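Asker: Residue strings, one per chain:
Number of protein chains: 2
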Amino acid sequence: MNLIVQKFGGTSVADAARVENVADIITETYKQGNNVVAVVSAQGKFTDVLVDKANEINPKASKREMDMLLSAGEQISVALLAMAIEKRGFPVKSFLGWQAGFQTDSNYSNARIRTIKKERIENELAKRTIIIVAGFQGINRYDDVTTLGRGGSDTSAVALAAALNAKKCQIYTDVDGVYTADPRLVKTAQKLDSISYDEMLELATLGAQVLHNRSVEMAKRYNVDVEVLSSLTRKPGTIIKEEAEVEKMIISGVAKDTSIARISVLELVDKPGVAFRLFSLLAKEKINVDIILQSVGRDGTKDITFTVSKDNGARAVEVLEQNKKNIGIKGVVCDTNCAKVSIVGAGMESNPGVASKLFDALASHNINIDMVSTSEIKISVLIDVKDADRAVVAIHDAFYN
Amino acid sequence: MNLIVQKFGGTSVADAARVENVADIITETYKQGNNVVAVVSAQGKFTDVLVDKANEINPKASKREMDMLLSAGEQISVALLAMAIEKRGFPVKSFLGWQAGFQTDSNYSNARIRTIKKERIENELAKRTIIIVAGFQGINRYDDVTTLGRGGSDTSAVALAAALNAKKCQIYTDVDGVYTADPRLVKTAQKLDSISYDEMLELATLGAQVLHNRSVEMAKRYNVDVEVLSSLTRKPGTIIKEEAEVEKMIISGVAKDTSIARISVLELVDKPGVAFRLFSLLAKEKINVDIILQSVGRDGTKDITFTVSKDNGARAVEVLEQNKKNIGIKGVVCDTNCAKVSIVGAGMESNPGVASKLFDALASHNINIDMVSTSEIKISVLIDVKDADRAVVAIHDAFYN
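Heads up: the protein sequence lines correspond to chains H and W, in order.
Counting the first sequence from 1 gives a position; the numbering used here is that position plus 392.
Counting the second sequence from 1 gives a position; the numbering used here is that position plus 392.
It is possible that part of the hints are untrue.
Each pair may be met inside one copy or between any two copies, as identical chains are not told apart.
Simulated crosslink set (EDC-like; lysine to aspartate or glutamate; CA at most 20 Å straight-line) [unchecked claim]:
| hint | residue 1 | residue 2 |
| --- | --- | --- |
| 1 | K479 | E420 |
| 2 | K510 | D535 |
| 3 | K452 | E713 |
| 4 | K437 | E448 |
| 5 | K479 | E448 |
| 6 | K509 | D535 |
| 7 | K560 | E634 |
| 8 | K452 | E412 |
| 9 | K445 | D416 |
| 10 | K519 | D574 |
| 11 | K479 | D444 |
| 12 | K560 | D590 |
| 13 | K452 | D416 |
| 14 | K694 | D585 |
| 15 | K455 | E516 |
| 16 | K519 | D535 |
| 17 | K452 | D407 |
| 18 | K633 | E741 |
| 19 | K633 | D568 |
| 20 | K559 | E514 |
| 21 | K445 | E412 |
Think of the hints as simulated: they come from the structure by calculation, not from any bench.
For clarity, every value in this text was computed on a predicted model and none was experimentally measured.
One chain only, chain H, in its complex shape (with noise of 0.2 Å):
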């Protein structure tokens, strides 16, 4: 018996007749000889409906009860997706994370999964029931009620996949698939028929905002292939998984990311241990650094470039301030205009040629570039905000036409 974990989004069950459209997906599944795990999120925007209560009583609610709050909405769908299920007349029962066996960390709003204790489940399966259990949330050693925070019904799916040796795992959402570039953007973008699952952590990290990163890493971990599809136009959507197909393209992927602060540090003291000073000083504050470019400056000085998220832009700027005399550095400087544009594709590495493709498109458009970031299975450009669409489809054009 092949077992089926499906994942279906807020806007999957966001009423009633987008449920009983869930409960067929389900019960087709079934159907066709499959055990199947459903793991639901709260119904459309019912998570923004509990927020608001939340706020106009105390915007500064403690974590633990803003995770018995929210935790609430996906109690409800998964009992209306239970019954519409049993209306069909099939076997089912509903499970909330703590019954599911999701056991989790302390960390409120943001909690870790630690283990899932599966046996309930398992014992279910066996009889053949449909399962449907609510996504994002988990109970910690106090058996106090915890959320996983973004992404977290997507890593609740992959992780029972993984704890229960699931054939795949379906994470049905708004979109059909994963695209080599944004399709609203790039009217000649192609969907993918699969991707690795490093392809799709660059990817995601980039902004394609397909896939939460977490539950990208989590099925690499644990080798669970993840098919990203659309509850509503019911075609085969883009496999993840370890190695895609082998005659594939050169690049999977085109990615642009607008949330970017570029911060360049002026005038450093040439000195070993001050790049060190610099960076783990953002490093105490968890800022994360993304592209760094190092030149030399005059006199004995250099100039040091970085990118952080454009969250942690005045917050980078504040510390680096601060702590001017104690660093050496003269100025700082934060540019919050630019965008970064990338190429994925484990293709990459075994032909040549693929950077200076990029660079050709983006020159033939009179697109400047100012950094340059490189992995084995990526390249990063930073370019001005108001070139990234053109990029993108400058990119796009020369690698897929």
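With the hints as your guide, set chain W onto chain H.
Answerer: Just chain W now, with coordinates in the frame of chain H:
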């Protein structure tokens, strides 16, 4: 350290302003040096919203899934109330039924509490934490969520008060106590300072609708002092306890019940065991019989008249008609135009003349009595439903003026 259990119904936490008001009541009680455990229902009409959602998808949903759905209501209100108390700077934690240790049987939608595992709450109380508990819910031995049915949150509160040895259990509601008659009907109705469990049970059964019988029975069994009071007026309410004040009024209240059917079984063969067969037949159908009147009929037959709840009237007639020959009866007549008006009072026993005063009051208002039933602390009369309101006023005037 005294412990007070406070229960707040759905209207008491219907919106943010009402939640704030309840937070004030709780923290004032706490500041007076008490520990507080608050039991809360779902907000206002939220349970109805959830029932509508269920009916839209599956009007025949299983009770297990209905319990899963409905229990989300209290989850939301306990979290919001805890947030309001956090804002006031007090240590507080909310708990779901299962976290508070409520273990029930598996009778979904109408579960009975089996035991309360009180360790967690006791540990928190020892730290002077204010505890907010989701009423109406628990879990069964499979770890499935169950709900307690009608009057469930009152029962949760009284059960917790008993388990934790609370000084008293305050039931906050939208009336400010127990009255000698319905204040909407009788202008001179007086609020009682106290009333005994037995009197309250008779009044609840008789349709006073302040507290569900189940919670009063539990209070009586575990000798918990219960106070019924309003969350808006902040005035003392009515205390329900083993023995009410010594110098109490002879009667504690006048109640009417119009949801009654009177069934007359005519020309029963007058042989031993006939009445037994008749009533055991009804018992098998779980139809409760209240007042019974037996009279001699013609030609060696007798007539039996009894009352049942209006809901059960049609079913009772059906069962008797089907078994006419078995039992040996000629005809069955059902009358739903009747009402039961009752006076309740522990002082009745030692005060002769209560019954005659009652009959006088009705006679002087030309109200005809069809049947009479008495217990040690109660006299009920069956009258025409059109006379019911006049009868309540006449009786109340006779005893309180």
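Asker: Go through the copies and call it for K452 and E412: within, between, both or neither, with a Cα cutoff of 20 Å.
Answerer: Result: close only across copies, 15 Å inter versus 37 Å intra.
Asker: Are the CA atoms of K445 and E412 at most 20 Å apart within a copy, between copies, both, or neither?
Answerer: Between. Shortest inter-copy distance 12 Å satisfies the 20 Å Cα cut-off; intra-copy 28 Å does not.
Asker: As a check of your reading, is K694 near D585 (CA-CA no more than 20 Å) within one copy, between copies, both or neither?
Answerer: Neither: 47 Å inside a chain and 85 Å across chains, both beyond 20 Å.
Asker: Should K519 paired with D574 be assigned to within, between, both, or neither, using CA atoms and 20 Å as the limit?
Answerer: Close neither inside one copy (43 Å) nor across copies (54 Å); limit 20 Å.
Asker: Can you tell me if K509 and D535 fall within 20 Å by alpha carbon in one copy, between copies, both or neither?
Answerer: Both ways: K509 and D535 sit 14 Å apart in one copy and 13 Å across, limit 20 Å.
Asker: At most 20 Å between CA atoms: does that hold for K452 and D416 within a copy, between copies, both, or neither?
Answerer: between (41 Å within a copy, 18 Å between copies)
Asker: Up to 20 Å between alpha-carbons, please classify K633 paired with D568: within, between, both or neither.
Answerer: Only inside one copy: K633 and D568 sit 17 Å apart there, 65 Å across copies, limit 20 Å.
Asker: Since the copies are identical, ignore which copy is meant and state whether K479 and E420 lie within 20 Å (CA to CA) inside a copy, between copies, both or neither.
Answerer: within (14 Å within a copy, 49 Å between copies)
Asker: One pair to classify: K510 and D535, alpha carbons no more than 20 Å apart. Within, between, both, or neither?
Answerer: both (17 Å within a copy, 14 Å between copies)
Asker: With identical chains, the pair K479 and D444 could be close in the same copy or across copies; at 20 Å between alpha carbons, which is it: within, between, both, or neither?
Answerer: Between copies only: 16 Å across, 33 Å inside.
Asker: Within a copy, between copies, both or neither: which one fits K559 and E514 at a CA-CA cutoff of 20 Å?
Answerer: within (15 Å within a copy, 46 Å between copies)
Asker: Can you tell me if K452 and D407 fall within 20 Å by alpha carbon in one copy, between copies, both or neither?
Answerer: between (31 Å within a copy, 18 Å between copies)
Going down the numbered hints, you'll see the structure goes against 3, 10, 14, while the others check out.
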